[in-house]
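Construct the complete structure from the given sequences, taking the supplied hints into account.
Chains as they are written, first to last, in numbering that gives the first Met the number 0: chain V, 0 to 336; chain B, 0 to 76.
Keep in mind that the hints were calculated from the coordinates and are not lab data.
Here the structure is a predicted model, which is why all the values come from computation and not from measurement.
Quick reminder that beta carbons are idealized off the backbone N, C-alpha and C, glycines included.
Any given hint could turn out to be false.
Claimed, not checked - Cut-off 27 Å, straight-line C-alpha distance, at most; resulting in silico cross-link-like pairs (BS3-like, lysine-lysine):
| id | chain 1 | residue 1 | chain 2 | residue 2 |
| --- | --- | --- | --- | --- |
| 1 | B | 17 | V | 234 |
| 2 | V | 16 | V | 291 |
| 3 | B | 28 | V | 172 |
| 4 | B | 25 | V | 172 |
| 5 | V | 234 | B | 12 |
| 6 | V | 234 | B | 25 |
| 7 | V | 231 | B | 28 |
| 8 | V | 283 | B | 41 |
| 9 | B | 41 | V | 172 |
| 10 | B | 37 | V | 234 |
| 11 | V | 172 | B | 17 |
What the hints assert, rightly or not - Reference listing, derived: stretches of chain V covered by chain B, where coverage requires no fewer than 3 residues with Cβ under 8 Å from a Cβ of chain B:
| id | region |
| --- | --- |
| 12 | 0-11 |
| 13 | 32-39 |
| 14 | 77-90 |
| 15 | 145-151 |
| 16 | 218-224 |
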Amino acid sequence: MDINRYSRQILFEQINKSGQQRLSESTVLIVGIGALGTVISNQLVRAGVGKVRIVDRDVVEISNLQRQILFDEEDAEKSLPKAIAAKRKLERVNSMVEIEAIIGNASRDNIDELTEGVDVVLDGTDNFATRYLLNDICFKKNIPYSYGGVVSSRGMTAFFVPKQTPCLRCLSKEGSDGNQTCDTVGVISPVVDMVSSLQVTETLKYLTNRGEYLRNTLRSLDIWFNQQYDIKLNKPDLNCPTCQLNQYPALQKKAKEEEIVLCGRNTVQIHLLNHVSLEQLESKFSGIQSLKRTPFFLKVTIDEQISLTIFTDGRVLVQGTEDQVYARTVYDRYIGS
Amino acid sequence: MIEVLFFAELREKIDSGKIPMDAAGKSVKELKEMLVAKYELKTLDNVMIAVNEEYTTESTILADDDVVAFIPPVSGG
Chain V
0 MDINRYSRQI LFEQINKSGQ QRLSESTVLI VGIGALGTVI SNQLVRAGVG
50 KVRIVDRDVV EISNLQRQIL FDEEDAEKSL PKAIAAKRKL ERVNSMVEIE
100 AIIGNASRDN IDELTEGVDV VLDGTDNFAT RYLLNDICFK KNIPYSYGGV
150 VSSRGMTAFF VPKQTPCLRC LSKEGSDGNQ TCDTVGVISP VVDMVSSLQV
200 TETLKYLTNR GEYLRNTLRS LDIWFNQQYD IKLNKPDLNC PTCQLNQYPA
250 LQKKAKEEEI VLCGRNTVQI HLLNHVSLEQ LESKFSGIQS LKRTPFFLKV
300 TIDEQISLTI FTDGRVLVQG TEDQVYARTV YDRYIGS
Chain B
0 MIEVLFFAEL REKIDSGKIP MDAAGKSVKE LKEMLVAKYE LKTLDNVMIA
50 VNEEYTTEST ILADDDVVAF IPPVSGG
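Laid out in C-alpha cells, this is it:
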C-alpha cells in the first residue's frame, strides 16, 4: 500500500491505516458511468478501493461533458463507450487500482455474475427498472446497495444494507418512475456531485468498518429551492416482495422487456441477441448505408434522422426516435429478429 | 391541523413547499384524496409518503401537528 498517496485520508482518524487497508482489499461494482457514475468512480479510485468494476451501455456525447467529469471532447468526438473512456482516465489517476470495464447492460441475465465478489454496489443508473434489479440482487446476495438519483436540481440517496435496513422497494413501489427525466427537465452538475458524494461517503463508512456512523435515512434534497428531507430507514414494509417475502421480482423472468427508452437521448435500446458479428453486419450493410466501425461497435446511418449503433453483445441503439414501436420496426428491417 | 410538505414537481404544481391542512383524524389515504381534488392533481399514487420523517402506509391515521411529506422518487442519473 502506498502510504504517501493516501496520507491525508489515513490522517483522518476514522479511516486511518486499518481503514485504508480494508479499502485496498475491497471490490465495488458501479452500474452506469454517466453523471453519478463518473463522480463515484473518480472518488473511489482516488480513495484506493482495491478493485472497481464498472458497467455501462452507452457512448460519450458532447452533451455529457457538462456534468460527467471523466470525459472530454476527444472522447465525444470518437463516440467512445463510456466504460472504456472512464477506465482510461481512472487508470491514469491511480494505476494501483484494478479497473474492470464492461460495455453492456446490467440485466437479469448477467447481474449475478456482475455482482460476484463485490462488497458494495453503487448506483449510477438512470432508470428505476435497473435500480430494482440492483436492489433485488443485493438483498438476495446480502450486499449493501448505495442508491442515488438526480434530476433537475434535486437528488435522492440511501444506503441500503440487507438485514439491517429496509430496501428500495419498501419506500418506492414499482411503476412509480417519475415522469420527469433529465430529458424533460434537465439536470445541473452540483446536485450530481452532492448525491454521488453522499453515496460514496456511506460506502467508505461501510468498507472501513464504521457502520455505526451510517446515516440510515433516505435523503431528498433540492439545492435550488433549498429543501432537504430525511426519511428514517428503521422499519421495512412487511409486505415487501424483496426484503420480507424473498421473491425478488426483478430477478424473475418476464414476457417482454427488450425495448428501453434511454433517458435524454432520443434513443431506444433493443437487446434481443446475445452476440453479433460486426464483421458480418458490416459486409451486409456495405454499399447500402453510411458506416462507421470501431472495435466496440458498428454505427449505421440509415437516413438524416435514424442511425443504428450495434454492439458486439447484441445491443442495438436506435438513435433519432423515442417511439419503441418504430424503433423495433427499424430494428427488424435492418437487423432482423 | 397538520402540515404538508411537497417536493419536486408537486411543489411546482401547488406553488408552495408547505401548506397547513385540516386533516387531523383522517387517514393518509383520505389526505391524498383531499389534495388530489383540491389541486387537481392526476395522482399521488406514485409518490413516497412520510409522516414525521418515517415512511408510512395509506392506512396511517394523522394526528394534530403531524408533518406529512410527499416526495416523488428521483430516477435520473
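Hints not upheld, ascending by number: The structure conflicts with hints 2, 5, 8, 10, 12, 14, although it agrees with all the remaining ones.
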